[in-house]
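> Here's the letter readout for the chains.
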Amino acid sequence: MSSRLDVRKTYKLYIGGKFPRSESGRSYVVTDTKGEFLANASRASRKDARDAVVAARGAFSGWSGATAYNRGQVLYRVAEVMEGRAEQFATEVAAGEGLRLTQARGVVAAAIDRWVWYAGWTDKLSQVVGGTNPVAGPYFDFSIPEPTGVVAILAPQDSSLLGLVSVLAPTLAGGNVVVAVSSKRRPLPAITLAEAFATSDVPGGVVNLLTGGAAEIGPWLAEHADVNAIDLTGTVGGSDEAEGADAELARDLEAKAAGTLKRVRRPSVGSPDWAAEPGLSRMTAFLETKTVWHPIGV
Amino acid sequence: MAAPTLDTAGPSTAVPPAYLDATRDNASLRAFLHGLPGVDQVGAEARVATLATRSIKTTAKAWAIDTAIGLIDLTTLEGSDTPGKVASLCAKARRPDPSDPSCPPTAAVCVYGDLVPYAVEALEGSGVHIAAVATAFPSGRASREVKIADVQDAVRAGADEIDMVIDRGAFLSGRYSAVFDEIVAVKHACGSAHLKVILETGELATYDNVRRASWLAMLAGGDFIKTSTGKMSPAATLPVTMVMLEAVRDFAEATGRRIGVKPAGGIRTSKDAIKHLVLINETTGPEWLHPDLFRIGASSLLNDLLLQRHKLRTGHYSGPDYVTVD
Numbered sequence: 183m184s185s186r187l188d189v190r191k192t193y194k195l196y197i198g199g200k201f202p203r204s205e206s207g208r209s210y211v212v213t214d215t216k217g218e219f220l221a222n223a224s225r226a227s228r229k230d231a232r233d234a235v236v237a238a239r240g241a242f243s244g245w246s247g248a249t250a251y252n253r254g255q256v257l258y259r260v261a262e263v264m265e266g267r268a269e270q271f272a273t274e275v276a277a278g279e280g281l282r283l284t285q286a287r288g289v290v291a292a293a294i295d296r297w298v299w300y301a302g303w304t305d306k307l308s309q310v311v312g313g314t315n316p317v318a319g320p321y322f323d324f325s326i327p328e329p330t331g332v333v334a335i336l337a338p339q340d341s342s343l344l345g346l347v348s349v350l351a352p353t354l355a356g357g358n359v360v361v362a363v364s365s366k367r368r369p370l371p372a373i374t375l376a377e378a379f380a381t382s383d384v385p386g387g388v389v390n391l392l393t394g395g396a397a398e399i400g401p402w403l404a405e406h407a408d409v410n411a412i413d414l415t416g417t418v419g420g421s422d423e424a425e426g427a428d429a430e431l432a433r434d435l436e437a438k439a440a441g442t443l444k445r446v447r448r449p450s451v452g453s454p455d456w457a458a459e460p461g462l463s464r465m466t467a468f469l470e471t472k473t474v475w476h477p478i479g480v
Numbered sequence: 090m091a092a093p094t095l096d097t098a099g100p101s102t103a104v105p106p107a108y109l110d111a112t113r114d115n116a117s118l119r120a121f122l123h124g125l126p127g128v129d130q131v132g133a134e135a136r137v138a139t140l141a142t143r144s145i146k147t148t149a150k151a152w153a154i155d156t157a158i159g160l161i162d163l164t165t166l167e168g169s170d171t172p173g174k175v176a177s178l179c180a181k182a183r184r185p186d187p188s189d190p191s192c193p194p195t196a197a198v199c200v201y202g203d204l205v206p207y208a209v210e211a212l213e214g215s216g217v218h219i220a221a222v223a224t225a226f227p228s229g230r231a232s233r234e235v236k237i238a239d240v241q242d243a244v245r246a247g248a249d250e251i252d253m254v255i256d257r258g259a260f261l262s263g264r265y266s267a268v269f270d271e272i273v274a275v276k277h278a279c280g281s282a283h284l285k286v287i288l289e290t291g292e293l294a295t296y297d298n299v300r301r302a303s304w305l306a307m308l309a310g311g312d313f314i315k316t317s318t319g320k321m322s323p324a325a326t327l328p329v330t331m332v333m334l335e336a337v338r339d340f341a342e343a344t345g346r347r348i349g350v351k352p353a354g355g356i357r358t359s360k361d362a363i364k365h366l367v368l369i370n371e372t373t374g375p376e377w378l379h380p381d382l383f384r385i386g387a388s389s390l391l392n393d394l395l396l397q398r399h400k401l402r403t404g405h406y407s408g409p410d411y412v413t414v415d
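If you read the sequences in order, they're chains S and R.
Heads up, the first sequence is in our numbering, so the first residue is 183 and it goes up one at a time.
Heads up, the second sequence is in our numbering, so the first residue is 90 and it goes up one at a time.
Simulated from the structure, these hints should not be mistaken for lab results.
PhoX-like mimics (lysine-lysine), calculated; alpha carbons at most 20 Å apart, straight line:
#1 R/364 x S/229
#2 R/150 x S/229
#3 R/150 x R/360
#4 R/364 x R/150
#5 S/229 x R/146
Sample of chain R residues facing chain S (criterion: CB under 7 Å; computed from the structure):
#6 405
#7 406
#8 407
#9 408
Treat the numbers as computed from the prediction; the structure is a model and nothing was measured.
From the three backbone atoms N, C-alpha and C, an ideal C-beta is built for every residue, glycine too.
Chain S on its own, in the form it takes in the complex (with noise of 0.2 Å):
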């Protein structure tokens, strides 16, 4: 048998639907957890942030105007895309994590059956965490959620799929868009997910991804006027430096959001059981609510 070559990959980013180079061309060695080579990934810079929010921005009307019903058939849709690549983010959870392949499965597992259950909740926040006021007056007054916006997420270093999937799927079900830098050494599920997005129905700009440093880029996002929110997810294990240098980003990007008005959603303190049963915060996080007070009588 003849020996074959070795493809080795360099991946882009996941712009508005498309997979542009890193605007500033640059890229970084991605290894597994021996350190043997897996691919090369882009290495996001601010212009690509920039880019990547222009392309969310203009992605908002159409995905939260659409209703909660639509959404939830479309992220159901990422859901089964991820079924048929479930050993491609196995074999990369495996290495990017140092987990034994039966372990990695039952990771991807638990990606797609979290994917599903955000998914599913679409068309019911609505009804569980807005609803009718009553008031003393002659008004039918009722509170329904709104998305945020524009919202960044820095995922988590760490569960690079399960993690990520448990901050992308709940803020993209409430109706927001979301740019996200990935768990910078372990891109990999990050990137197939984003392949995953441009298989199925999700439109071009609803979901934008990022592989790259959390401290470089975060301050970028959290500084943009058009960014509505931010999840600093990301900053525990996203800093190079040694210990305390992680809460110091996490104090720095909250200070600089604070500076156009942000949304902000903290780190958690110690690393969160992304196995968990979720709950809804990661949900409410990015809803706003809108109450509208209707005469009624005359």
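Given the coordinates of chain S, assemble chain R onto it according to the supplied hints.
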């Protein structure tokens, strides 16, 4: 600004003496225009592509953005335009960024003729010029009398710049003297108002035609040559603008008269605008980087320039929530 006075004498051409022979009749015009050297299409596109790779950063970029704002003909040419929309456009032309008094005003606003009086009222004392499109814009399909009346109407209402369209049908079928005479007549009807001649390069098909139409418009007395109406695509592309700039440069060399150039339509980003500034600098020289000799016809471009301006001032990216919705 005072309304331009109307000259009542008959049309007199201001053709430079050296070209009187060339413009005598259709045959001479044809011989002259077809005698112009052809445009090397591949060369022109390659030249433009090279210039477009220039990287303009920091202080140079800040200068370019402010210069570009000062060169804009802020335009609204919709069937749905109202006096209110024109008033808000004029307010934006005077103070593009209300939060920053250091932001320069635009060069002019460009509206349909019937809305000129509202623009005159809104721009009084600001120094911002008022351009009106006329001569049955955008198609130019009307009789000469109607076109002249259209121009006179806009000039009387207070427009100090007139954007006319040439008869592309006549140009493409080789009736050059018809186009020439029409520009001469319109120029006469403009009186002291500046005349911009729209070539609608998207309909002229070749760069050779763009060069010929540019020379025709300049010989007939146009003060500016303008690429497009903005109503069709392709509109202003960089190679077309370069061909026109070269014509203007050659015309200035031959006659000593400086004609302006106005690309219009399709210029939406600061990057596009800066590419045009580089192109001028390299083709005609920096003296053309002046509102008397260069304009950019645009509407959404201004917002992008303002966003870039915010970015340079604050250090972080801005967003569409921080500029007006036009």
